[in-house]
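Enquirer: Given chain H's structure and the hints, the job is docking chain F onto it.
Below, each chain spelled out in residue letters.
2 protein chains.
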Amino acid sequence: MQTSWTTPPPPRDTDPSPAWELLLPAASGPPRGRRRELGAALRAAIRTGRLAAGTRLPSTRDLARDLRVSRGLVSELYAQLTAEGYLTSRQGSGTWVARLPAAPEAPVPRAHPQTSSAVTDFRPGLPDLSLFPRSAWSAAQRGALARLPDAALDYPDPQGLPELRAALAELLSRRRGVVVEPDGLIVCSGVAQALTLLGRFLKHHGQDAIALEDPGSPSEFPLFTAAGLRSVPVPVDTEGLDPVALAATGVRAAVVTPAHQFPTGIVHSPERRAALLEWARRTHGLLIEDDYDGDFRYDRAPVGSLQGLAPELVAYTGSVSKSLAPGLRLGWLVPPSGMLAELVEAKRYSDLGNTVAEQAAFAAFLRSGRYDRQLRLCQRHYRTRRDALISALATHLPAVRTSGIAAGLHLIAEFPTELGPLLPAASARAGVRLRPLGDYTAPARPTPTVFVLGYAHLGVPEITRAVAALAAALPDIPVSSVAV
Amino acid sequence: MQTSWTTPPPPRDTDPSPAWELLLPAASGPPRGRRRELGAALRAAIRTGRLAAGTRLPSTRDLARDLRVSRGLVSELYAQLTAEGYLTSRQGSGTWVARLPAAPEAPVPRAHPQTSSAVTDFRPGLPDLSLFPRSAWSAAQRGALARLPDAALDYPDPQGLPELRAALAELLSRRRGVVVEPDGLIVCSGVAQALTLLGRFLKHHGQDAIALEDPGSPSEFPLFTAAGLRSVPVPVDTEGLDPVALAATGVRAAVVTPAHQFPTGIVHSPERRAALLEWARRTHGLLIEDDYDGDFRYDRAPVGSLQGLAPELVAYTGSVSKSLAPGLRLGWLVPPSGMLAELVEAKRYSDLGNTVAEQAAFAAFLRSGRYDRQLRLCQRHYRTRRDALISALATHLPAVRTSGIAAGLHLIAEFPTELGPLLPAASARAGVRLRPLGDYTAPARPTPTVFVLGYAHLGVPEITRAVAALAAALPDIPVSSVAV
Chain H
1 MQTSWTTPPP PRDTDPSPAW ELLLPAASGP PRGRRRELGA ALRAAIRTGR LAAGTRLPST
61 RDLARDLRVS RGLVSELYAQ LTAEGYLTSR QGSGTWVARL PAAPEAPVPR AHPQTSSAVT
121 DFRPGLPDLS LFPRSAWSAA QRGALARLPD AALDYPDPQG LPELRAALAE LLSRRRGVVV
181 EPDGLIVCSG VAQALTLLGR FLKHHGQDAI ALEDPGSPSE FPLFTAAGLR SVPVPVDTEG
241 LDPVALAATG VRAAVVTPAH QFPTGIVHSP ERRAALLEWA RRTHGLLIED DYDGDFRYDR
301 APVGSLQGLA PELVAYTGSV SKSLAPGLRL GWLVPPSGML AELVEAKRYS DLGNTVAEQA
361 AFAAFLRSGR YDRQLRLCQR HYRTRRDALI SALATHLPAV RTSGIAAGLH LIAEFPTELG
421 PLLPAASARA GVRLRPLGDY TAPARPTPTV FVLGYAHLGV PEITRAVAAL AAALPDIPVS
481 SVAV
Chain F
485 MQTSWTTPPP PRDTDPSPAW ELLLPAASGP PRGRRRELGA ALRAAIRTGR LAAGTRLPST
545 RDLARDLRVS RGLVSELYAQ LTAEGYLTSR QGSGTWVARL PAAPEAPVPR AHPQTSSAVT
605 DFRPGLPDLS LFPRSAWSAA QRGALARLPD AALDYPDPQG LPELRAALAE LLSRRRGVVV
665 EPDGLIVCSG VAQALTLLGR FLKHHGQDAI ALEDPGSPSE FPLFTAAGLR SVPVPVDTEG
725 LDPVALAATG VRAAVVTPAH QFPTGIVHSP ERRAALLEWA RRTHGLLIED DYDGDFRYDR
785 APVGSLQGLA PELVAYTGSV SKSLAPGLRL GWLVPPSGML AELVEAKRYS DLGNTVAEQA
845 AFAAFLRSGR YDRQLRLCQR HYRTRRDALI SALATHLPAV RTSGIAAGLH LIAEFPTELG
905 PLLPAASARA GVRLRPLGDY TAPARPTPTV FVLGYAHLGV PEITRAVAAL AAALPDIPVS
965 SVAV
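Protein sequence lines correspond, in order, to chains H and F.
Here our numbering is used: the first residue of the first sequence is 1, the next is one more, and so on.
Here our numbering is used: the first residue of the second sequence is 485, the next is one more, and so on.
Okay, chain H solo, but in the shape it has when bound:
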């Protein structure tokens, strides 16, 4: 009777000696992959200790007979695993399992557990990913890849694909008043990488701290810590970052969001812009302008970049994370010219440059005018959503006061003080998640009635429904009770 070796367990009382049973399933597979399968099975058996170090292997003739494969195949197998160090052999005296120095394998922790929820999450900072122009991006990818010369597929220019730098310089100059030539711009993996490169640059040049806006973006803190810098929170008031408090810290670099402060939503006043530039000039310091959503202003033209006023005092950075998708990891950095060469080298040693295919696709997307259309599309949608949120609050929760200029992807909502104790349970009942402003202060502090509401990723019906549900879960509060 022909034994089927593929059905475990193999019969104990038939031919092959039990020690080599573990190779049988591999030996009975299709001839084409047999050598590979046998090798994998033998390696695994040795690594896991199932075949102990010092075990003598059968002769090639015996094992070939046991496994019903050719002797040549077994010889090849032995030679291969001897070359790899799993087996040892000396001419004429046989083959043994080698002693491997492997430590027992530790279980690998899952780094990123998936979370999910059915609530309406007013998380700020997230664009509407359903607006990503998939087919236009696909077309840009295809067209760009077809046109790229072979040589462009080699190791890239770490500073960025020249045609993308040219298109970006035009865009930033035109839309944001940035002073930049194609050779003065670095393509990088989003604002996060720009901040990391700048943080390491500062560290390398003797700085040990950086000023961050308070409230501000909590993601910057660990990022600069990883770059070796201490983060010093500096208060933001109604005009922007406080220059007196900034000067008092003694630090010589600060991150600012002048066009639309995150998360308070204020715009830096002209006087404040001048004061910050004056601080940078006086201290030979550096302002890092994070223009994270500078393209989205709904009531007038966006305020031009701070960098345009003083290109030698400001490192300007932005990305497509709010206009296309954070997953593209496409951003730019325009540093003062004296910092450029060293930052390009840092980018080189970080990753040798961004992927060429995606850079070429983005360049084509920009050149075709499709990016401007995308900005207009997002602007239209986000403005509608902001209006819907403000209107829903006015209708259902008239006591809530909103602030922040008509821009960006979020606003600030302040509830009457007496609702503070009720809000956690009410928002849970209503299926609404609100982020307290205090999550964005350093250190985090409880702000039970002030929230940062991101609206850009939510549809109008969902925004309206969520606000109505929250209102229904709260007692009525007369508008007059709100302190102004």
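It is possible that some hints are incorrect.
Sample of chain F residues at the chain H side, in silico, Cβ under 10 Å [claimed, not checked]:
no.	residue
1	Ile530
2	Gly556
3	Glu560
4	Trp621
5	Ala630
6	Val663
7	Thr680
8	Asp721
9	Tyr782
10	Ala809
11	Tyr833
12	Ser834
13	Asn838
If you're looking for bench data, these hints aren't it; they were derived computationally from the structure.
In this text, a Cβ means the ideal position worked out from N, Cα and C, and glycines have one as well.
Expert: Relative to chain H, chain F alone:
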């Protein structure tokens, strides 16, 4: 007569006052972009000092008349540039040019001059970029982007797209005997980024040096310097990295290329593999296995990875740079499990993760079996080219001795000693560029008759022609004169 303002220079004797002439071209453009153009012109004039700080601007009415635009447009322009800090104004008392702290702009150096040459360059390490499967990659991009859920376009998992990690774990386990689960692998921007992440990890854990193969890859030296580590060259002999010399350095981390040493082309012997692992076990050290071309072996199955023997002692890294294109910046890192979490965090703070679109395309490309086909295609071409080079050398330069296993993208060619003084002029005459082995030693030393010949990026006719031309430019040397 209607003056054409678009033809410079504007006539001096007509209406607008000379100080504002610089705004005329912008004002006479198409109405739609007029505000933007006017803003850009005014910003530029202020930035360059053409309009000095303290200059009083005309009233909105006067400037509107001079420029023949609406007064509302000028009002908007003044308000915009005041908000941006270019102008200052006090209610009722007019508008002035603000004082900008800008330093004079330094000229930006061109970072990457283009070089070109008409010679046949036997530069090692470069694949044939014309083999890049453009249409299949385009199809993978398109299909992957169409299938990605919206949520996948958000900030990525810094460790890598889960489906790509799954496909890579399967590939590496099957083809290279790497012991890895999808959760144990980090997607990164090529081997360069893997080495940078590992270098910084080592530095952070108190190491200040790393051992590198000598001869070896010269690109690793500055990369580890940038990570804060001193590079210690350790000799490579005919069996691989010298473990006695390695132990004598006292360092606790070493980069090795065991499957096909770069550039000597030897394969590490089983004894040497065991000795290196034993060194790592004894010193609690780390071996970094750069499997840069491990998929390309022409005479037998490639030797499996060193990592497979001892996953807790070896950090394994590789990329698509030799199989697809370096410009894709797609690579992987399989570290010992205890290092994983910290390396993922380092990747996060470096760039938040690789671009999702390209990761998804590569995952689709792997799953479809297209990557295996691409490896077979490259293998077939590179083998043919290697054979052509060896055959051309045997025919035209029989005194040249070649070495290196039948693998990879390059081989070593040793010319008779007496040709040393003649080779520079002869290769220049023949239009052939040869890289001396000494370019890959630390420190670089003259090796006038030993060269590393990369052949993978050259077609068979070009290889044959170049070798024949070189032979024609050299005197005949009898084979018997070569010392063996």
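Enquirer: Could you run down the list of hints and mark each one as holding or not?
Expert: For each hint, the structure was consulted:
Checking Ile530 (chain F) against chain H by beta carbon gives a least distance of about 9 Å; that is within 10 Å, so the hint holds. A hinted interface residue such as Gly556 (chain F) counts as satisfied when its beta carbon comes closer than 10 Å to some beta carbon of chain H; here the least separation is about 13 Å, so the hint is violated. Here the hint on Glu560 (chain F) is kept, as its CB sits about 8 Å from the closest CB of chain H, short of 10 Å. Contact between Trp621 (chain F) and chain H, as hinted, is supported at the beta carbon level, the nearest pair being about 7 Å apart and thus within 10 Å.
With 10 Å as the threshold, the beta carbon of Ala630 (chain F) comes within range of chain H, its nearest partner Cβ sitting at about 7 Å, so the hint holds. Checking Val663 (chain F) against chain H: minimum C-beta separation of about 7 Å stays under 10 Å; hint holds. With 10 Å as the threshold, the beta carbon of Thr680 (chain F) comes within range of chain H, its nearest partner Cβ sitting at about 6 Å, so the hint holds. A distance limit of 10 Å between C-beta atoms decides the matter here; for Asp721 (chain F) the minimum to chain H is near 17 Å, and the interface restraint is violated.
At its closest, the beta carbon of Tyr782 (chain F) sits 15 Å from a beta carbon of chain H; the interface hint therefore is violated under the 10 Å criterion. Below 10 Å, beta-carbon pairs count as interface contacts, and Ala809 (chain F) has one with chain H at about 4 Å; its hint therefore holds. Interface restraint check for Tyr833 (chain F): the shortest CB-CB distance to chain H comes to about 4 Å, inside 10 Å, so the restraint holds. Hint status for Ser834 (chain F) relative to chain H: holds, with the closest Cβ pair at about 6 Å, below 10 Å.
Interface hint status for Asn838 (chain F): upheld, as the beta-carbon distance to the closest one in chain H is roughly 7 Å, under 10 Å.
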